[in-house]
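Take a look at the letters that make up each chain.
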Amino acid sequence: MTSLVRRSLLGSLAVLAIAGPASAQDTNRATAFIQATGQELVAAVNDTHSDLATRRQKVAAVLRRAVDIEGVGRFILGRWWRQASAQEQQEYLKLFEETLIRNLSARFGEYQGVRFSLGRSQQRTEDDVLVNTIIERPNSAPFALDWRVAEVGGQPRVVDVIAEGTSLRLTQRSEYSSVIQRNNGSIAALLQAMRGQIAQLATQERQAR
Amino acid sequence: MRLSSLTIPLLAVTLAGSLLAGCATRPDPSDPDEVAEFRQTNDPAEPFNRAMYDVHQGIDRVVLRPVAVAYRDVVPQPVRTGVRNLLGNLRTPVILANDMLQGEPRRAGDTLGRFIINSTLGIAGIFDVAASHFGVRGHAEDYGQTLAVWGMGEGPYLFIPVLGPSNPRDLAGFGMGIAGDPLTWVGQGVAVDVLTGTRAGVTVVDTRESLINTLDDVERTSLDPYATLRSAYRQRRNAEIRNSNDIIAPPAAGGTGYSVGTGVEP
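If you read the sequences in order, they're chains S and Y.
Heads up, the first sequence is in the UniProt record's numbering, so the first residue is 1 and it goes up one at a time.
Heads up, the second sequence is in the UniProt record's numbering, so the first residue is 1 and it goes up one at a time.
If you're looking for bench data, these hints aren't it; they were derived computationally from the structure.
Among these hints, one or two may not hold up.
With the Cβ distance kept under 7 Å, some of the chain Y side facing chain S (calculated, not the full set) [unchecked claim]:
1) 32
2) 33
3) 223
4) 228
5) 236
For clarity, every value in this text was computed on a predicted model and none was experimentally measured.
Even for Gly, the Cβ is constructed at its ideal location relative to N, Cα and C.
Start from the sequences, fold in the hints, and give me the full structure.
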């Protein structure tokens, strides 16, 4: 039944693309982008011929291409971005990219047997499109994952992931800001904590091999 | 439950300590960004809440997590699913009441139908036949959500040991849920006390078991787990109030705290 719903949904999306205005085209483009990216991710995660380290590398490569890492990083640092020195900004973006890629690829790398399908609604907001997907894993309840897709430099890019109503970038902005505030507004303290975390993640990755 | 005898003295000690420590540092009124963030974070009692969070973490490390891990190791998955379904079914009267209070006749119909089918064909709710054979999935609803739908604001963020993240509105809803639960009024005597106590204990263990991976992930990846949980709880709660993530909402989800899930990606 669900596949029927999905098919009719895709059908109605196709109709929208032909008849609809420019906004429907954007929605379509974002949806196609997420479908392609999602399939690449699923293929990388479920590749039983390679070991965990290789799978993680493949996942990381897809993410680097699909995610607007700089935009997300700046959003997350929020009001502290302007207070950071040029050098701190640069260092932050470097550390942020590494943290994000390592965290996400470690998480996705464990999702063996994952299946992914487009959900019921794709909605347009003022500057981006929210693409709804359903993630299914063996032995656990399916969950909804929304991808916020914006045009960055003429290309669709992921700017946020929303799991069951919780936005990754909002949660992380709250986390980073809290670290800075608790260190009396020191951005260097955040960078220090990020470096420590990356070292820890690297150790865990080596142990997992 | 043995937990309460441990929590109360601990609570009293930290409560006294943190009240002395006072409230969160007020933002600098000349910095609009700082003021905006302070308002958005909605945690004026942060030092107190962080102390409560530390108390919770202490209890969690010594009791809650080890018990949850043992439960997962010892009890096979089908039995755990049965337990979760049973707890979800016992919560139906509260869900039904709130479906109706929010003026959602269709959802109320779903809940009532599920209760009748699962209580009979599902053998007292052990099997979720309504979802597996009739395609009627469960949804969570509680008095905190109803109060929100009726226009009550959440109030300042609170962290309660054992219960988890909350706020005055959801805490009030939680109390109404207990007071309004037919099982609370079903009778008196030792047998009833044992039953309700067992139910509360099993609920804590079942909830903690469902969150082992999620909370381990938060501990592992967050630079400030307290801030991560605070943000995630509030976002997740708002999504629940809007009924926007129904297709995946756990039927066993409760009214506040950890039992509504942390909202962090599982």
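> How about residue 228(Y): closest beta carbon in chain S under 7 Å, or not?
Replying inline: holds, 5 Å
> Are residue 223(Y) and chain S close enough, Cβ to Cβ, to be under 7 Å, as the hint says?
Replying inline: At 5 Å from the nearest chain S Cβ, residue 223(Y) passes the 7 Å test, so the hint holds.
>> Take the shortest C-beta to C-beta distance between residue 33(Y) and chain S; is it under 7 Å?
In response: holds, 4 Å
> Is the interface hint for residue 236(Y) satisfied, with its Cβ closer than 7 Å to some Cβ of chain S?
Replying inline: holds, 5 Å
> Is the shortest C-beta separation between residue 32(Y) and chain S less than 7 Å?
Replying inline: Since the shortest Cβ distance to chain S is 10 Å, the answer is violated.
Violated hint: 1 only; the structure is consistent with all others.
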